[in-house]
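Asker: Protein sequence lines, in the order shown, are assigned to chains F and E. The numbers in the first sequence follow the numbering used here, run straight up by one, and end at 138. The numbers in the second sequence follow the numbering used here, run straight up by one, and end at 130.
A couple of the hints might just be wrong.
As the list claims (entries may be wrong) - Below, simulated DSSO-like cross-link-like pairs (lysine-lysine); rule was C-alpha separation at most 27 angstroms, straight line:
| no. | chain 1 | residue 1 | chain 2 | residue 2 |
| --- | --- | --- | --- | --- |
| 1 | F | 87 | E | 2 |
| 2 | E | 5 | E | 116 |
| 3 | F | 26 | E | 54 |
| 4 | E | 2 | E | 116 |
| 5 | E | 2 | F | 26 |
| 6 | F | 4 | E | 14 |
| 7 | E | 28 | E | 5 |
Read the hints as simulated data drawn from the structure, not as lab findings. What you are looking at is a predicted structure, and each value in this text was computed from that prediction instead of being measured.
Residue-level listing of the chains:
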Amino acid sequence: MTTKIRYSIIRVEVGSVGEIVEISHKLPAHLKVCTGFIARHTKGLELPIDQPEIGLLALEFNSRKQLLINDVIGYQASVQEIPDYQKVNIPLESGQLVTGYFMDTEQVDAALFQPYLISIYLRCEMEVNTKVEKCTTT
Amino acid sequence: MKNHKFQQIRVQVKASGDSVRFSADTDKQFARVRGIHISMPSEQTLVGTTLGLKINGQEVFDDAHEMRMITCGNQVAPNNKFFLFEEFIEAGGSAIEGRVTDGGTSPAGAFPYDAKIYLWLVNDEPKPKE
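Isolated chain F (complex conformation) (with noise of 0.2 angstroms):
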């Protein structure tokens, strides 16, 4: 038996202060249907306690013809829960591109500010599972 979830990992780098990063991701064509979302705050910050939101997010799938998630990340300063991932029915035309922003709204002098790495994890299924359930972002 062979396994069909595969996790398509994005990676957007921040480097200054209320900086916009464009993201610009090829999904491999093998790929079919999107079926959950996470994004993490992974490599950087160094905070005492956690932070509500530290930027916001937003992808577009299938080539910038959906805009389907819209999220705002956070600061966890201690690992607590697994990340839980955010249940998406994405379905994906073969070798399309995941376009979107990510716009740092950490509200920090120039001089205090680190440099830091958010991680989005997209996890993709081979194959359309007509179980999966609806698409719950807009």
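Based on these hints, arrange chain E on the given structure of chain F.
Answerer: Structure of chain E alone, referenced to chain F:
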């Protein structure tokens, strides 16, 4: 007959940024791998560290998959610490191949350390039909 087992795989990381390949076999007495948990010596060693994993030749995580996305802190109840696989991952003596890559954020004094990978093996569900 036991229905559950936590199989531990230890991977020693000797220096910052090291990328260490490992291999093992799942216990033959269990049918499937239900989940995975990774225990690191400190949260700092978890930052940016990645785990690639193949079981029975099938890709579970590619080499760039961050450990932070599949593990949790100490405050979580024991059985909830595992990242559960949604697919049937065959155990029964399957070959495990993987790669741990250190995130490069730990101080020099943190090395060497052991990344402990726990696989939750079970016998509770029959193999689904192809």
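Asker: Hint by hint, work out which the structure violates, then give me just those numbers in ascending order.
Answerer: 1, 5, 6
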